[in-house]
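A.B. asks: Chain by chain, the residues run as shown.
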Amino acid sequence: MRPEKLGTSWVLGGAALALVLGVLGGLWTSSGLEKSLPASSVPATVAYTAFSHRKHTTLGIACGACHFQTYVEAWAGLPSVELCRLCHRSVEAPPASWEPATRLPGHVFFSHRRHTVSGGISCERCHGEVQAWDAPPAEPSFPRGMAGMNRCVACHRIVGASTDCLSCHR
Amino acid sequence: MVRWAMVIDLEKCSGCQACVVACAAENNVPLGSPQEAEIGRLIRWLQTLPRIEGEYPHVRAEAVPMMCFQCERPPCTYVCPVAATYKNPQGVVAQIYWRCIGCRYCVNACPFTLKWFNWFQPRWPATMAEATNPDVSLRDKGVTEKCTFCHHRLQQAKDRARAEGRPLRPEDYRPACVEACPQGALVFGDLDDPDSEVARRARSPRAFRFLEELGTQPKVYYLAATPEA
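Heads up: the protein sequence lines correspond to chains A and B, in order. The opening position of the first sequence corresponds to residue 1 in our numbering, with each subsequent residue numbered one higher. The opening position of the second sequence corresponds to residue 1 in our numbering, with each subsequent residue numbered one higher.
Hints listed in this document are in silico derivations from the structure and should not be mistaken for laboratory results. Quantities reported herein were computed from a predicted structural model and do not represent experimental measurements. Ideal Cβ positions, reconstructed from N, Cα and C, are used throughout, including at glycine. It cannot be assumed that every hint is accurate.
Covered stretches of chain B, as calculated for chain A (at least 3 residues, CB under 8 Å) [said to hold, decoys possible]:
hint	stretch
1	87-93
2	122-136
3	151-157
Required output: the full structure, derived from the provided sequences and hints.
C.D. replies: Written out as structure tokens, the structure is:
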């Protein structure tokens, strides 16, 4: 094989690899994870419902890497199992009935992007010390019923956002 | 300040009922049964009032679309003992279903009978039950409900406009009935903006409101059909 040909395939292969890494590994690159995280330190098989925020946020992964919708959508949703497979070989998906603790009743309208982007409010102000969660929380970030609503309204009073019932209720 | 209002041009309205269907589908209003209809307990936030003029063979039939008139002085709100219904700063008469205790004072206070009480647990055919609109809550038996000019559409329009970093445009927010009308007979907008189409039409010499003498000041205007020569 002629040297220049070998060179071309290396360049092409490298470009393809970079592309794949770029697409898959947006999480890794920014924090230099690819150097500091040897494959052997990543557990191969994990359960989705045993997810620990503490273990992952200490790796330096930003909230938005897994929860990007919270910046661009009204809804938050949960990270897909595919995302976990970037690092873990096999993931035990949650049962269909599993739900996160924090979920508002259907008669309330809430928009994440309105708060995180337009309102400039940090995740922690509403969800608390997520970095310390060792497992999915048992308690919702906002208490149910009037107590939860009062927390929304208390902040709205301070920042001057709407306290009209129709803004939140539908 | 914004004050939402509607103008319905009876000259353009053909009585096709597209708005009635669009409203019920958008707002999760149950179909109801023939039995319920018979005893007058069918729920339709938007319905048409048939009006027949003249005598056979020279008759003229008209179907007048009617939804909550979003009165400036809404009698229904004055009688609510728990403040579940009130007029919001933009002039929309709200009904907070989870606050409502089902006393029906407001239903009876409405001179236009355009508030609806759930006498029965709402039910849909199985295929429809899976396709209810998630943007509107499902009401239970024992709760009063009403048209809010599709306020959930405003919630979303505001959210979208803010995400795109721009002010709300008139075309961002239109109720389902307005969108569905094939004749363009329903016009919606801000009454306090003198240049809006709604404000211009409300000033038309053809404009009238129902039971104006009661002083409730409805924000749904009608343009009378011009009599045929």
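A.B. asks: State for each hint whether it applies.
C.D. replies: Hint by hint, here is what the structure shows:
no.: 1; hint: 87-93; in the structure: holds (count 3)
no.: 2; hint: 122-136; in the structure: holds (count 3)
no.: 3; hint: 151-157; in the structure: holds (count 4)
Of the numbered hints given earlier, the model fails none.
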